[in-house]
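Chains as they are written, first to last, in the working numbering: chain A, 1 to 488; chain B, 489 to 976; chain C, 977 to 1464; chain D, 1465 to 1952.
Because the hints were derived from the structure by calculation, they are not lab data.
Treat the hints with care, since some could be wrong.
Unchecked claim - Every beta carbon over 10 Å from chain C, so not counted as near; a handful from chain D, in silico:
(1) H1507
(2) G1547
(3) Q1917
Unchecked claim - A few chain A positions that, by computed beta-carbon distances, are all more than 10 Å from chain B:
(4) M112
(5) D217
(6) V240
(7) Q241
(8) E247
(9) S288
(10) A349
(11) N350
(12) R358
(13) S435
(14) G444
What the hints assert, rightly or not - Beta-carbon label-pair distances, calculated as ranges:
(15) G1927/D with G56/A: 36 to 44 Å
(16) H813/B with G56/A: 33 to 41 Å
(17) S1087/C with N940/B: 43 to 51 Å
(18) G56/A with G1530/D: 33 to 41 Å
(19) G1530/D with G1450/C: 29 to 37 Å
(20) G1530/D with E1133/C: 50 to 58 Å
(21) E1133/C with K898/B: 57 to 65 Å
(22) L553/B with E1357/C: 48 to 56 Å
(23) Q1668/D with L553/B: 26 to 34 Å
(24) D238/A with E1621/D: 38 to 46 Å
Note that beta-carbon positions come from the ideal geometry of N, C-alpha and C, so glycine has one too.
There are 4 protein chains.
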Amino acid sequence: MTRFVIDHPFAGDKLREECGVFGIKGNESASAHTALGLHALQHRGQEAAGIVSFNGGQFHVQRSLGLVADGFGDPKVIEQLKGASAIGHNRYATTGDTILRNVQPIFVETSMGGLALAHNGNLTNAHLLRRELVQKGALFQSTLDTEVIVHLVALSEFSTLPDRLIDALKQVVGAYSLVALTDSALIGVRDPMGVRPLVLGDLQGAPVLASETCALDILGADWVRDIEPGEMVIATDDGVQSLKPFEPEPERFCVFEYIYFARPDSMVEERNVYDVRKHMGRELARESGVPADIVVPVPDSGVPAALGYADEASLPFDLGIIRNHYVGRTFIEPTDHIRHLGVKLKHNANRGQVAGKRVILIDDSIVRGTTSTKIVTMMREAGATEVHMRIASPPTTHSCFYGVDTPSRKELLAARMDVEEMRSFIGVDSLAFLSVDGLYRAAGQAGGRLSNQPQYCDACLTGDYPIPLVDREGGHDANQLSLLHDYE
Amino acid sequence: MTRFVIDHPFAGDKLREECGVFGIKGNESASAHTALGLHALQHRGQEAAGIVSFNGGQFHVQRSLGLVADGFGDPKVIEQLKGASAIGHNRYATTGDTILRNVQPIFVETSMGGLALAHNGNLTNAHLLRRELVQKGALFQSTLDTEVIVHLVALSEFSTLPDRLIDALKQVVGAYSLVALTDSALIGVRDPMGVRPLVLGDLQGAPVLASETCALDILGADWVRDIEPGEMVIATDDGVQSLKPFEPEPERFCVFEYIYFARPDSMVEERNVYDVRKHMGRELARESGVPADIVVPVPDSGVPAALGYADEASLPFDLGIIRNHYVGRTFIEPTDHIRHLGVKLKHNANRGQVAGKRVILIDDSIVRGTTSTKIVTMMREAGATEVHMRIASPPTTHSCFYGVDTPSRKELLAARMDVEEMRSFIGVDSLAFLSVDGLYRAAGQAGGRLSNQPQYCDACLTGDYPIPLVDREGGHDANQLSLLHDYE
Amino acid sequence: MTRFVIDHPFAGDKLREECGVFGIKGNESASAHTALGLHALQHRGQEAAGIVSFNGGQFHVQRSLGLVADGFGDPKVIEQLKGASAIGHNRYATTGDTILRNVQPIFVETSMGGLALAHNGNLTNAHLLRRELVQKGALFQSTLDTEVIVHLVALSEFSTLPDRLIDALKQVVGAYSLVALTDSALIGVRDPMGVRPLVLGDLQGAPVLASETCALDILGADWVRDIEPGEMVIATDDGVQSLKPFEPEPERFCVFEYIYFARPDSMVEERNVYDVRKHMGRELARESGVPADIVVPVPDSGVPAALGYADEASLPFDLGIIRNHYVGRTFIEPTDHIRHLGVKLKHNANRGQVAGKRVILIDDSIVRGTTSTKIVTMMREAGATEVHMRIASPPTTHSCFYGVDTPSRKELLAARMDVEEMRSFIGVDSLAFLSVDGLYRAAGQAGGRLSNQPQYCDACLTGDYPIPLVDREGGHDANQLSLLHDYE
Amino acid sequence: MTRFVIDHPFAGDKLREECGVFGIKGNESASAHTALGLHALQHRGQEAAGIVSFNGGQFHVQRSLGLVADGFGDPKVIEQLKGASAIGHNRYATTGDTILRNVQPIFVETSMGGLALAHNGNLTNAHLLRRELVQKGALFQSTLDTEVIVHLVALSEFSTLPDRLIDALKQVVGAYSLVALTDSALIGVRDPMGVRPLVLGDLQGAPVLASETCALDILGADWVRDIEPGEMVIATDDGVQSLKPFEPEPERFCVFEYIYFARPDSMVEERNVYDVRKHMGRELARESGVPADIVVPVPDSGVPAALGYADEASLPFDLGIIRNHYVGRTFIEPTDHIRHLGVKLKHNANRGQVAGKRVILIDDSIVRGTTSTKIVTMMREAGATEVHMRIASPPTTHSCFYGVDTPSRKELLAARMDVEEMRSFIGVDSLAFLSVDGLYRAAGQAGGRLSNQPQYCDACLTGDYPIPLVDREGGHDANQLSLLHDYE
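Same shape as in the complex, but just chain A:
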């Protein structure tokens, strides 16, 4: 009997960002603000959340499986997280099972005091480092890469926690946006290429760090600037200090943040995500227009691109698919007889708008293609005379190893099929993807992708991995761990 988690009906057909991070220092409601910031970043990780606060004397830790509002919606929980500094984390598992022990922030006691750490990203040499650390007597109690970093900090011979953190980060390879809390500082760091986002805000004088600006908006905090690639900011009672401790590298921000991960209302790298997505739709219309009667978004992520497409193509935009917003936790398919339902639990064709029409269906991306097939069937059953699918990004052909949960390559539809095969598989009259250059133009690079120096990380679309895959090249499968299993 198949269990459907109907809250994410297309989850199997989307890449999943693994994490959101948040931090604040110098506000008496630090943990309450952190909970709200994490709530605004919930789209970046729904499996678990954690907050560590510091009240001048002690650190306080709470972790919880499930949504932020479920774990941190109760003021009693917030009241226990005392103090004017806090960091928090939303988890979507990339490494390690989702169990409480693996929920960030990690907190450890070091000889220089307590250290809490949370990151968004993935280290590509975590296994190698872990093996070396275990040889030296380090004890691991989770399967988080963050634990590798804290062991490196603990064993560093530098004399302050920030120096030790720099020392540790110089040994790691990977993509990361990291927030840390010590007894005197709130610290934010982005990896040298700046693959994952991190912004600096200000709430009535208190510095705030967050993965996206939407987490500033919910608090009424002001956006100050993006943390720069390779930058470390250290906020203490004396103000915010900026360091550039690493070797400079060319910037390679993740282009998929624009395509799907970031919230449309966020400003990412100083661009409005919704606006970039509308431009993707416009580029798509220019590149692969087709005669039709109506432009229909696959809800909800396809909406901005569909608006851009419709406007560019001068076609009507309409909601040809309606979501059922009232969903419970799970719906288990009760019988064989109705096993085909799947997508219908959350969506329905708006027959009155679709019947008798030539439909252009707009989606942001295709991963496995399984739900696209069902959506197309739904359109045809509702009477669409033609169904043309337009995807507002290039084909997803490669796995990500920088902090995004991607299926193995063999499960990626675009890694197995060319466009015509995909068209046939999905069952549409025509199928087209946005070009890589079109994507770059929509994201503000008027000249498209510079092949000698690409402006973004687009490894999942091109196979061009800017950061070395150390463990993988050393034969480690990204998620395998030797000793642990079913941990707690």
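Starting from the structure of chain A, add chains B, C and D where the hints point.
Here is chains B, C and D on its own, set in the frame of chain A:
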């Protein structure tokens, strides 16, 4: 400390449909289909759900507080609801506290066998009838009007359950769409004015009854026709029989089903709801256009009207407000300091689209006006230079007594203020409502409202109550009960 | 996979009292006292509990599955049960599934006001009455006999609720101790033969009704007297009135209350239960002594009889079986390999006391005999050289139809086997039961059982049923219901 | 409002053993047996339990707050704990808050493979060691002493895990009985003085380690022998090896295991605990007899001593206090009016046995004395004419630092008052305690306590602490931790 249920942030500012009903006969997965039908009708009632099935020998009853997927998503629950016939009900409380004892369908054993009954609507003489029945020795164990009907059935002297049900319904006054299940029949009835909706469908030969067509779509069932006002259909193994047992009355279908209650993808009285709402937007643009840069819907119910408005006004339509789809059960405001958040827990202004623009905000209706105020503030804080609000329905000035949960009149903004006062209260640059005639035109009545014979029930907009308010005129407050309290 | 509820490891081998009742009038903590009284009566029913209170204006009802402390331990629940009068009920299901709808007290609104009712016992003509009532149009929503009584009350033509209750009870046949609450009175009634217990107490002037005196002790209330067979007491603000409305019948109190049901610290019919049980042990030692080294009780119900036996036989009494008091809700047997554990989850042989000794094992009764077999095996494995079993009651050969949950006759070991066969089945060196006359002597009847006029109801031991089994003679199986199933 | 956990009504007036341990190797149902063994040891710790198993390739860990049956009663949990080796732990917190992170066994990955460790006892130099380890870069994630041991193992330079464990244990000071699991061995160790118990058993060829023999009995395992003080046993596929790696020390087994901690059916140091307790009662009767009518145990721990006392004094033994076995999780006292109830929720005087009699009340020990007072009041209210209290152990005057949860000295009644003051405080006619020599005689030391070389650890009774209190002398309060708080 205020508790926010963030799943329904605007709930306090919307009318609420109280119920959805569903029935099917002659399908081996009857209860599974009923659960799915109720899930599709979830927007009509989220507080509780119940299903009664009949397997040829015994009736099986399950009731559950909360969403359908929570109570009926588990196949073990469905397996206990044996049999090829079933009826179900989604509850949004109008009368009686929401406790398990008050969840429909009601089931009773009569001298003619078992009878299950569920209805959408409200009887306006329930208290009077109840008092008379108690005098005769009838025992009431819930505070449901449905229990009044079953007592009338039990005491009727007719010799079949359908005849007794007709006898009972001739004694009640009110609006109702009712489904009933006996050991031999599935029965559907609409009150003589047809205030509440009820449609007949067909699933591979099995007759289906449902409040809206979206419940047919989820099963892949075909729509056959709407049950007519005053019609009773009786589905037995010998087919579906139609009776017209009541005195004919002029049809007065609830116009608010078009404005807000029904799902946009449903066909209601043979019209696509989404399409009617787009037309409301068009009428509104014609009646009260205003120079602006962008048309923004209040999500999600304002979207179709906003699309119609934008198209008619030749203005760009954009999502200027973004929903946070990942919400948990509750979020309790943690401190005074951040108590003003409210609406931000679920929505955020899409600053990149709104800043520096003249915004037309489209909503379907205003009840108390409290959240409109917050949305407008959010728009202004995001940099909108002007905010014009356009409401795709006339002012809601009166309470409903026909099965809709409305605040008392004194809480209705439009009962207390004129349009200019409301404009000032909400804080917009201009405010306009759709006219009653505009509404009727959008709903297909080209000539507008016929004052001698209005085509719809619009009591909440006009105060013209087509069905007598018997109890109310007799001095009964609609929800008062004499003896019970905190029941179970 | 078998699920063991380890809290009642011998439950399958004991008869089970089905109910405890409690009532109080004129004390401001009425519902708190009722919860405590029910807690003291928890041994009479562990499946569910309910309380109805009346605060001068409204009745308040709470029902809960599980133990009293779980459902009513929270002061918030108690605070909702407002008022100075309350009645309560502990349920152990005899008729009707254990679902909330079937938890007593039942509450109904009648033309003379609210009526709450709870009883301990069983009506033997409930099905006949129910059928007649349904013919008259009465609607049943539970499968409780109590509902039969309230319908008879509702249809009675007398003009006060007490008179109507008398009228109703004159129509029923069966064993019952009943408490009722109206807007002006707390009422207690015992059936004419007084089969089930009911005592009157006084808490600082407030009259109290309870199944046993232990429920008075927990409150510090004084015992006043036992309610007499066939007596109705009506406590109003004017005092406690006593009526004898029924035809007098010879008294036949349930002798099994002494053997097993009542708590040892209760005074039942003015005798200390512990003391009666010790006397049973003495009588047993006189009737069937056997050479041995140690007398061991089957815990905990066998302890008083074992003390009496040991004293009479001048043998050492020792705990040869030790209970594990720390038990959770359930323990499911994990594998075939250890499926034989069963009884060991809660008990262990005290090997140091038992090894090398001739053991007399004392139990109060044998129902199916299955656990006796396991206990005996445990004794032998611990090194007992001989095991003699002595049962402090006569063989249980017949089912009870007066409010006790007994297996069908064919499951009763003593209905299938003679003593020698039972001895062999259980695997002991010798087996003896207390004689009927010995039992009566222990219960204070020096001359033993008077065959022309037995002093107790001993139907389960003798097959002499003093109250007619009306439904059973009319062909009704005691627990069968025609229409309902899996209700709620 | 006070919350009473009624499952342990006298808990505040008893010392509490903090832990039970269990291990098994070479049995295909290893984890199921471990769960059952922990269930039998539940009296040694009810707050949490954990099991680690090893299936030849991977370690599997499950931890759960609450009772064993609640956390491990479900076969699905057991099935996840794959493998033929397992160790488990019942926790009663002495150090560290009871949160999941602090539940044993601890599991870590070392350079020599996985290591799981659980112990019963307390290290008296844990803080000192911890500080030194943190200086070296070790990261602590719990507040368990066990984590100190695993860090010492990880940093040891020996080449096998058993050798490293010996190396680590040579650095710790304290009382411990420890079980460990590696990928090739099950290891058991007792500290050099053998303060805490540990026995070796055999289940069909599979070696078993357990705190007490009752955990062998539940499985049907044979007792082999006690692990000796200072002994390490290493069970591998090649058999069970015994080492004596530590400097020999005089044996000082905890005498309170006989007084209260151990289950009466266990064999501890080859003596039946029940039998020792009966002898304590006999010695007590000899030392401080008093004329009376009845000997009444404080249930349940006072029963064996009361039987011994009654037999020695030739007085009748009777249950003058009856327990209510049916208790839920909690019962919160609902009103001021009935706040005095306390002990009555679980116990009642058996008035019929007590009224008019001179009662000798037997208890095993007195800690704070608060509940003794209530029990005595209960006896007097039930009509006892005299109440004499006899305690089957010497006065508890000192705190334990070897793994038992004792109140601080100032809360110990006997540290604040002499016997006459205590008599007056408790409100009895006379009070006497067993002498230290009487205790030793009952525990098999015919000559009483040898003052030059006491045979037991009796620090809580005499203040003679055989193991140095290193941290305490260094100024550390036993439970203080510097950085953590409210951890998870």
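These are the hints, each one checked on the structure:
no.	hint	in the structure
1	H1507	6 Å, violated
2	G1547	14 Å, holds
3	Q1917	27 Å, holds
4	M112	31 Å, holds
5	D217	5 Å, violated
6	V240	22 Å, holds
7	Q241	27 Å, holds
8	E247	34 Å, holds
9	S288	23 Å, holds
10	A349	7 Å, violated
11	N350	4 Å, violated
12	R358	18 Å, holds
13	S435	24 Å, holds
14	G444	13 Å, holds
15	G1927/D with G56/A: 36 to 44 Å	39 Å, holds
16	H813/B with G56/A: 33 to 41 Å	37 Å, holds
17	S1087/C with N940/B: 43 to 51 Å	45 Å, holds
18	G56/A with G1530/D: 33 to 41 Å	34 Å, holds
19	G1530/D with G1450/C: 29 to 37 Å	50 Å, violated
20	G1530/D with E1133/C: 50 to 58 Å	57 Å, holds
21	E1133/C with K898/B: 57 to 65 Å	46 Å, violated
22	L553/B with E1357/C: 48 to 56 Å	50 Å, holds
23	Q1668/D with L553/B: 26 to 34 Å	51 Å, violated
24	D238/A with E1621/D: 38 to 46 Å	44 Å, holds
The structure fails hints 1, 5, 10, 11, 19, 21, 23 (numbered hints given earlier, in ascending order).
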